[in-house]
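Undergrad: Model the full structure from these sequences, guided by the hints.
If you read the sequences in order, they're chains A, B and C.
Residue numbers for the first sequence follow our numbering, so the first one is 1 and each next one is one higher.
Residue numbers for the second sequence follow our numbering, so the first one is 1 and each next one is one higher.
Residue numbers for the third sequence follow our numbering, so the first one is 1 and each next one is one higher.
Just so you know, the hints here were simulated from the structure itself, not pulled from any lab data.
Any given hint could turn out to be false.
[Stated by the list, open to error] Partial selection, computed: residues in chain B whose CB lies under 7 Å from chain A:
{"no.": "1", "residue": "P9"}
{"no.": "2", "residue": "S13"}
{"no.": "3", "residue": "M61"}
{"no.": "4", "residue": "L64"}
{"no.": "5", "residue": "G96"}
{"no.": "6", "residue": "A109"}
{"no.": "7", "residue": "L110"}
{"no.": "8", "residue": "E122"}
{"no.": "9", "residue": "V123"}
{"no.": "10", "residue": "R128"}
{"no.": "11", "residue": "M130"}
{"no.": "12", "residue": "D156"}
{"no.": "13", "residue": "Y158"}
{"no.": "14", "residue": "H160"}
{"no.": "15", "residue": "S163"}
[To be verified] Not close to chain C: a few residues of chain B, all C-beta gaps over 12 Å, as computed:
{"no.": "16", "residue": "E81"}
{"no.": "17", "residue": "Q255"}
{"no.": "18", "residue": "G357"}
{"no.": "19", "residue": "P401"}
Computed from a predicted structure; not experimentally measured.
Each residue gets a CB set at the ideal place from its N, CA and C atoms; glycine is no exception.
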Amino acid sequence: MLYYLLRRLLMAVPVMFLIALIVFLLLRLTPGDPAQAIAGDQASPEQIAAIRDSLGLDAPLTTQFTTWIGNMLHGDFGNSLISQRPVLEMIGQRIGPTLALATVAMILTVIISLPLGVAAARRHGGLVDRLVMSLSVLGFSVPIFVIGYVLIGIFAVHLKWFPVQGYKPLSDGIWPFLHRIFLPGLALSSIYIALVSRMTRAAMLEVLREDYIRTARAKGLSERVVLFRHALRNAAIPILTVVGTGFAMMISGVVVTETVFNVPGLGRLVVDAVLARDYPLIQAIILLTAGTYVVINLLIDVSYALTDPRIRYQ
Amino acid sequence: MADHTTAAPPVLSIRDLRVSTCGREPVEILKGVGFDIAPGETVCLVGESGSGKSVTSLVTMDLLPQGELCATSGSVKLNGEEILTATPARTKTLRGSDMAMIFQEPMTALNPVLKIGLQMDEVYRAHRRMSPAERRQAALEVFASVHLPDPPRIYDSYPHQLSGGQRQRVMIAMALALKPRLLIADEPTTALDVTTQKQILTLIRELQEQQNTAVLFITHDMGVVADIADRVCVMRHGEMVESGTVEEVLSRPTQLYTQALLRAVPSLTPRKPRPEVTGTPAIEVNALEKVFQIGSLAGQLMGRAPHRVHAVNRVSFRLAQGRTLGIVGESGSGKSTVARCVLRLEDPSAGEIRIDGQDIARLRAGKALASARRRVQMVFQDPNRSLNPRLRIAESMIEGPLNLGESRASALGRAGELIEVVGLPRTSLQRFPHQFSGGQRQRIAIARALMMDPEVIVADEAVSALDVSVQAQVLELLADLQAKRNLAILFITHDLRVAAQICDEVMVMRRGAVVEHGPAAEVLAHPRHDYTRSLIAAAPGRDWDFAAGRRLEVLT
Amino acid sequence: MTTPAYPALPRRRFARNLPHWTVILSLVVLAAALAMAVLAPQLANFDPTRINAAMRLQPASETYWLGTDSFGRDLYSRIIYGARVSLVVGAGVAAGAILIGLPLGLLAGWFRGIDAVLMRLMDGMMAIPGILLAIAIVALTKAGLVTVIIAIMIPEIPQVVRLVRSRVLAARAEPYVEAAQLLGTPAPRLILRHLLPATIAPLIVQATYIYASAILTEAALSFLGVGIGTETPTWGNIMAEGRLYFAMRPWLVFWPAIVLSLCILSINLLGDALRDRLDPKMKGRAE
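TA: Shown next, in the form of structure tokens:
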């Protein structure tokens, strides 16, 4: 088990390094002068020089890269070109709403899509199955911002059950928090629900064909025990895998959802940063989300070992 | 054999059972099957693949795949109670308590993520009111009764920590935990090695006598039938061809099909040896070794020595033109690794492989290896997977010659001749693999190997995926080709009967090493090594002469 | 005898030969979208970029079938022209991702040395959320059609590489590939002849999913204001402009949303139908 974890951890290190390299090269390999691109068309030569200087663009590429990595290892992700404040501090201020949104979406996903997927697999080709499949295709096809506006149109504008936009932190009380975060959470989870329920169904269908399911039935076990004790645990690994790889999709969704519902989170920050071409900020946010992705998938690898003894005893 | 009184009411009684596929164009899978099983009796359902024997057992358990197969008429009575019309809730109660089933694949029949103890516990929890302590106690007792070593340890183990034989014992323990009246065993030993098979068969027999269980035993192996059956039902294409006591069916079969099935069972008595050939051997292997190294960087960083498996340990042999060497052994004996090294599908760790005097063990991939490979060709085990499903037969057959620079026209010409040599019409060349049966595909694979004009053919379990009647035909073809083309054949098999029929020499392997090597008549008739003796003793039906149709007196 | 002895069931034929009604409907929708893109000048009532300050935010009428936007431009005409960008972006991304991903996947599947490095690189690319990467690329360069296609394409490549690699690894374990090695088939021919064909069916299916998701991402980029500039109408930037007036004229958002969603839905349904027919083993887009 320890050995397995260590191996996974070792694999994560080069991945993180490669992510840093990709992000680094992204700026340096863009055609033309990156400082010019960042500064925009109307920039004066002094402004461009200032940007070159603050990004250290005049040093050789390798030096730039090692300094940059070295600074980051010391917790220095650079300063914003616009506000001149450390980007890490700016991110810290905006991360709360995003975390809250992602958590709510995740919880909604699990409580909605697992039962749906299992129910669909149980009667393959039946009414529930076709319904779940249709809903999941719909979830893949309707953009989050459209779902967001439909939800706003129905539940906020028409029925007036929820406020149209805005965010209140949990510290303002649980009810105001939930009242404002429910609709964006639901919108954000839509594509995730589509993905996870589809995968749950597919994994369950596969597992239900296995010999040990036939054994369980031959022992006279109830359908509930067969489905949840014998089948779902074996279907867990592919389901967990899409939960992990789908996390990148979730982050993309966060950016859009926060724009639609005007939630002051990281997503808004990144869009603002892009519009202002605040490159250090963009870099830091990409690195942080990619790092989170790697950590989440590492945790999922750990959970494989918990669900499957064959991995645990490797 | 258990004696049964005809007066006792049957445990299972099947009458005129018909099963067909559901849907708009039903296809009948079972066409009126019927038999009885009395308490303490063993009835063998025997037949080749597609005969409907497994479907019969699934109907009885009410486990037919929903929406795919439906019983259309007839009756299945367990202790006088009709199963076909019973509610799902009722059959669920009966399953596991009054009737139980064990399956072919012990490797996949247990849930890999749940402990053995829990899987055993479920049986009691589903059917009996017992306290957790009582259930555990009962489970440990049943584990002991199936002769599992250290029951408490087994109870806390996961399936992957047990061997195949142990898993099948666990399956039997679960099936017999509640002392069912009927046990259905669907090819329960087919996936096991012969020595394990023998132990499992003995165990089933022992428990059956203790509990007076009626056993429905499904098998394709006439040897197993001869060993365990009281009565036999022969099935073919969903029909019962013949039924009767084991002596009746095996000694005096009335139906042509049964006679053909019995004739196809290879005899354990070795065939007459062919004269030895002197001169340069077609293939010579000296001190071949193969070590697999399992381990990774992370493991080494943690101070773990990489795990080394000595799959082949100093194996040497010579094989002359026109002769057949059989490598026999159980799974994990290293026999297939030898074959794969000889073909250079694996790189040997040490030793020499001389083909016509040239050592190919060290050749790097490229031209030299390619031309050496031409002389050694292989026939694989699974005919469904050894031909590219997307290519026409002609394309598969001429691939090798084209690589060697032969013109397309000439290669196609030879392909047409060879496909007829292996007994298929020339038009087969324009078809795809899925249009052929398993036996036909194996013929095509042989023809493809012959296209390279090889000196040596390596056949790795080349007939073990085939039904016996087809198996006999393919073996005949191989023998015929060998005689005509003076081929050397390296035949890898786990089946001593097959080895006895086609090999001049036999090499017995165990855990990577050769335990005995000599002329087939010597090794199989007068084995010197204990392991060889135990292998021969475990061969199913060894006390039955299928050709003569009578029991033999064999010393054990 | 290691194969289970249960009979192979004939598949229900009626379900296989006739296309499902959803497939027919999807084809109709896509044909309509294609017609919109190709025949835009003929179908549109107005120049989609013509600004008319007097006609701002008009409701639907006989002249303006779907009303006008905040610049007085005809919504119907803008939606018709918007099809062009979406269809071109989808095609460009799908073709590009497969042209790059397929050879990389084949290499990774065949050469073990390349595999480890390449797959770690792909892991790294997968870790970067696609939209963030696309936003960053677009932000650094001028947001033209080609930039947008490249920006959306890059995050799709790892999926293609992983799919192809997994199929190659599976095919490599097949005895027919070993048989070809024994027949002396050299590596390049072996890859093209025996391994490549095993990847075609899943790739066709994957291509449709990429097509759909590229249209979706392009719309999201435009919606966030970092896509193709508003002088070229796209379904995404029509919505982005419309959302400022959402409370007053929700249909400025809903019309392009409906057209966009229908289009993506049709492609996804076609992808599912193709998968069922060509490659039933594929578990879905998450493979």
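Undergrad: Decide, hint by hint, whether the structure agrees.
TA: Status of the hints after comparison with the structure:
1. P9: At about 23 Å, which exceeds the 7 Å cut-off, the nearest Cβ of chain A leaves the hint on P9/B violated.
2. S13: Where the cut-off is 7 Å and the nearest Cβ of chain A is about 20 Å from S13/B, the hint is violated.
3. M61: holds (6 Å)
4. L64: violated (11 Å)
5. G96: Holds. Min distance 3 Å.
6. A109: This hint holds: A109/B lies near chain A, its Cβ roughly 5 Å from the closest one there, short of 7 Å.
7. L110: This interface hint holds because 6 Å falls under the 7 Å limit.
8. E122: holds (6 Å)
9. V123: holds (5 Å)
10. R128: This interface hint is violated because 11 Å lies over the 7 Å limit.
11. M130: Status violated, d = 15 Å.
12. D156: With a minimum Cβ separation of about 11 Å from chain A (threshold 7 Å), the hint on D156/B is violated.
13. Y158: holds (4 Å)
14. H160: With Cβ-Cβ at 5 Å, under 7 Å, it holds.
15. S163: violated (15 Å)
16. E81: holds (26 Å)
17. Q255: Holds, because the least Cβ-Cβ distance between Q255/B and chain C comes to about 21 Å, which exceeds 12 Å.
18. G357: holds (20 Å)
19. P401: violated (8 Å)
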